[in-house]
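Peer 1: Sequence:
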Amino acid sequence: MRVVFMGTPAFAATILDTLLRSSHRVVGVVTRPDRPSGRGRTVSPSPVATLAAQHGLPVVKPENALDPALREALQQWRPDVAAVAAFGLILKKDILELPPRGCVNVHASLLPKYRGAAPIQQAIIDGCTETGITTMLMEEGLDSGPILLQERVPILPDETGGELEMRLADVGARVLVQTLDKMEAGSLTPAPQDDSQATWARSLGPEAGDVFFQETAVRTHNRIRGCTPRPGARVYLGGAPVRVWRSALPADGISPAEAPPGTILDIAEPGIVAVCGDARPIMLCEVQPAGRGRMSGAAFARGRHLKPGDRFDTHPPTDQD
Numbered sequence: 001m002r003v004v005f006m007g008t009p010a011f012a013a014t015i016l017d018t019l020l021r022s023s024h025r026v027v028g029v030v031t032r033p034d035r036p037s038g039r040g041r042t043v044s045p046s047p048v049a050t051l052a053a054q055h056g057l058p059v060v061k062p063e064n065a066l067d068p069a070l071r072e073a074l075q076q077w078r079p080d081v082a083a084v085a086a087f088g089l090i091l092k093k094d095i096l097e098l099p100p101r102g103c104v105n106v107h108a109s110l111l112p113k114y115r116g117a118a119p120i121q122q123a124i125i126d127g128c129t130e131t132g133i134t135t136m137l138m139e140e141g142l143d144s145g146p147i148l149l150q151e152r153v154p155i156l157p158d159e160t161g162g163e164l165e166m167r168l169a170d171v172g173a174r175v176l177v178q179t180l181d182k183m184e185a186g187s188l189t190p191a192p193q194d195d196s197q198a199t200w201a202r203s204l205g206p207e208a209g210d211v212f213f214q215e216t217a218v219r220t221h222n223r224i225r226g227c228t229p230r231p232g233a234r235v236y237l238g239g240a241p242v243r244v245w246r247s248a249l250p251a252d253g254i255s256p257a258e259a260p261p262g263t264i265l266d267i268a269e270p271g272i273v274a275v276c277g278d279a280r281p282i283m284l285c286e287v288q289p290a291g292r293g294r295m296s297g298a299a300f301a302r303g304r305h306l307k308p309g310d311r312f313d314t315h316p317p318t319d320q321d
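Just so we're aligned, residue 1 is where the sequence shown starts under this note's numbering, counting upward by one.
Worth flagging that the hints you see were computed from the coordinates, not collected in a lab. Being a predicted model, the structure only gives us computed values, none of them experimental. Wrong hints could be hidden among the right ones.
[Unchecked claim] For lysine to any residue, the following SDA-like pairs were computed, each having C-alpha atoms within a straight-line distance of at most 25 Å:
| no. | residue 1 | residue 2 |
| --- | --- | --- |
| 1 | Lys182 | Arg101 |
| 2 | Lys113 | Gln178 |
| 3 | Lys61 | Thr42 |
| 4 | Lys182 | Arg2 |
| 5 | Lys93 | Leu137 |
| 6 | Lys92 | Asp126 |
| 7 | Lys93 | Glu207 |
| 8 | Lys93 | Thr189 |
| 9 | Lys113 | Pro192 |
| 10 | Lys93 | Gln75 |
| 11 | Lys92 | Val26 |
| 12 | Lys92 | Trp77 |
| 13 | Lys182 | Val153 |
| 14 | Lys182 | Arg294 |
| 15 | Lys61 | Gln75 |
| 16 | Lys92 | Met1 |
| 17 | Lys113 | Thr216 |
| 18 | Lys113 | Gly141 |
| 19 | Lys61 | Asp34 |
| 20 | Lys307 | Thr216 |
| 21 | Lys307 | Ile267 |
| 22 | Lys93 | Gly162 |
| 23 | Lys92 | Gly38 |
| 24 | Lys92 | Ala259 |
| 25 | Lys113 | Gly162 |
| 26 | Lys61 | Ser203 |
| 27 | Lys61 | Arg78 |
| 28 | Lys61 | Lys113 |
| 29 | Lys61 | Leu142 |
| 30 | Lys93 | Pro58 |
| 31 | Lys182 | Asp170 |
| 32 | Lys92 | Val153 |
| 33 | Lys93 | Ile147 |
| 34 | Lys307 | Phe212 |
| 35 | Lys92 | Val27 |
| 36 | Lys307 | Arg243 |
With the hints as constraints, model all of the structure from the sequences given.
Peer 2: Dropping the structure here:
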């Protein structure tokens with residue numbers, strides 16, 4: 001089939017790469033405009049735009065869902081179907097109805113669970129042990145269209161959001177091609193979602209990764225995992241943020257109940273052991289202070305001369321801190 005692909009980040013580029021090696025013909029690509037990225041904030045094309053350019057594919061970069069360039073491109077390319085993955089815009093009805101076979105979305109959850117922009121991160125934060133990929137026919141509602149195919153994927157115990165995203169991209173690529181193959185063969189039966197079972201995974205701002213040690217150790221660990229690498233997990237020490245890249249739940253024992261949340265209990269390779277709100281410990285294994293590179297928690301503690309009994313901040317910094 002003639003396919004228009006719509007997507008933006010690396011997750012979508014992985015899916016496009018597989019689609020390009022399938023029997024379907026990608027006739028055009030739609031992605032978000034070039035944006036500043038990296039430490040130098042250099043304006044760069046999206047991963048999808050970069051891959052499309054490598055393959056000589058025509059690309060449009062609409063500023064918003066009402067940009068006439070989007071409709072004009074679809075009318076010019078005449079796709080049978082549009083494949084959408086992490087595009088970043090909510091498509092309007094007139095666009096959804098342009099391809100004769102509709103628009104197929106690749107969503108990183110087992111719909112109707114975790115509709116929205118951050119299903120991977122939220123599933124980890126919530127402590128789920130399983131997620132998956134859903135392909136669905138898009139409609140005007142947010143991730144509410146009929147389900148085409150689903151595949152379950154286990155969430156590994158210490159897996160971060162970024163690591164799970166990479167695995168789901170590979171699964172999503174394969175499931176999308178299967179969906180298009182079955183659609184072309186006329187062997188798909190769309191199944192309506194049960195809206196009563198829907199849950200939501202709204203976009204996560206920077207504050208979602210803030211750790212103040214008030215939650216349980218398990219929830220704190222899951223928050224750090226889910227928010228790595230985006231939007232990023234942070235603890236605070238003397239009002240200064242410290243990025244946390246990796247944490248772990250020590251296997252031995254329960255911390256002293258009299259130690260208040262955020263108290264450092266031990267410094268042992270590779271990390272800093274601190275107490276959480278349920279009197280259980282968490283180890284901060286890999287951290288990154290502002291303006292520095294990543295390092296083990298233990299190395300950070302030595303550099304800051306931290307010792308047991310010292311305490312991380314347990315509330316957001318204020319102007320007075």
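Peer 1: Evaluate each hint against the coordinates.
Peer 2: For each hint, the structure was consulted:
no.: 1; hint: Lys182 with Arg101; verdict: 12 Å, holds
no.: 2; hint: Lys113 with Gln178; verdict: 22 Å, holds
no.: 3; hint: Lys61 with Thr42; verdict: 18 Å, holds
no.: 4; hint: Lys182 with Arg2; verdict: 14 Å, holds
no.: 5; hint: Lys93 with Leu137; verdict: 12 Å, holds
no.: 6; hint: Lys92 with Asp126; verdict: 31 Å, violated
no.: 7; hint: Lys93 with Glu207; verdict: 34 Å, violated
no.: 8; hint: Lys93 with Thr189; verdict: 22 Å, holds
no.: 9; hint: Lys113 with Pro192; verdict: 13 Å, holds
no.: 10; hint: Lys93 with Gln75; verdict: 15 Å, holds
no.: 11; hint: Lys92 with Val26; verdict: 22 Å, holds
no.: 12; hint: Lys92 with Trp77; verdict: 18 Å, holds
no.: 13; hint: Lys182 with Val153; verdict: 21 Å, holds
no.: 14; hint: Lys182 with Arg294; verdict: 46 Å, violated
no.: 15; hint: Lys61 with Gln75; verdict: 15 Å, holds
no.: 16; hint: Lys92 with Met1; verdict: 23 Å, holds
no.: 17; hint: Lys113 with Thr216; verdict: 24 Å, holds
no.: 18; hint: Lys113 with Gly141; verdict: 14 Å, holds
no.: 19; hint: Lys61 with Asp34; verdict: 8 Å, holds
no.: 20; hint: Lys307 with Thr216; verdict: 22 Å, holds
no.: 21; hint: Lys307 with Ile267; verdict: 7 Å, holds
no.: 22; hint: Lys93 with Gly162; verdict: 32 Å, violated
no.: 23; hint: Lys92 with Gly38; verdict: 31 Å, violated
no.: 24; hint: Lys92 with Ala259; verdict: 54 Å, violated
no.: 25; hint: Lys113 with Gly162; verdict: 20 Å, holds
no.: 26; hint: Lys61 with Ser203; verdict: 22 Å, holds
no.: 27; hint: Lys61 with Arg78; verdict: 18 Å, holds
no.: 28; hint: Lys61 with Lys113; verdict: 30 Å, violated
no.: 29; hint: Lys61 with Leu142; verdict: 22 Å, holds
no.: 30; hint: Lys93 with Pro58; verdict: 23 Å, holds
no.: 31; hint: Lys182 with Asp170; verdict: 19 Å, holds
no.: 32; hint: Lys92 with Val153; verdict: 31 Å, violated
no.: 33; hint: Lys93 with Ile147; verdict: 18 Å, holds
no.: 34; hint: Lys307 with Phe212; verdict: 18 Å, holds
no.: 35; hint: Lys92 with Val27; verdict: 21 Å, holds
no.: 36; hint: Lys307 with Arg243; verdict: 19 Å, holds
This entry does not satisfy hints 6, 7, 14, 22, 23, 24, 28 and 32, going by the numbered hints stated previously.
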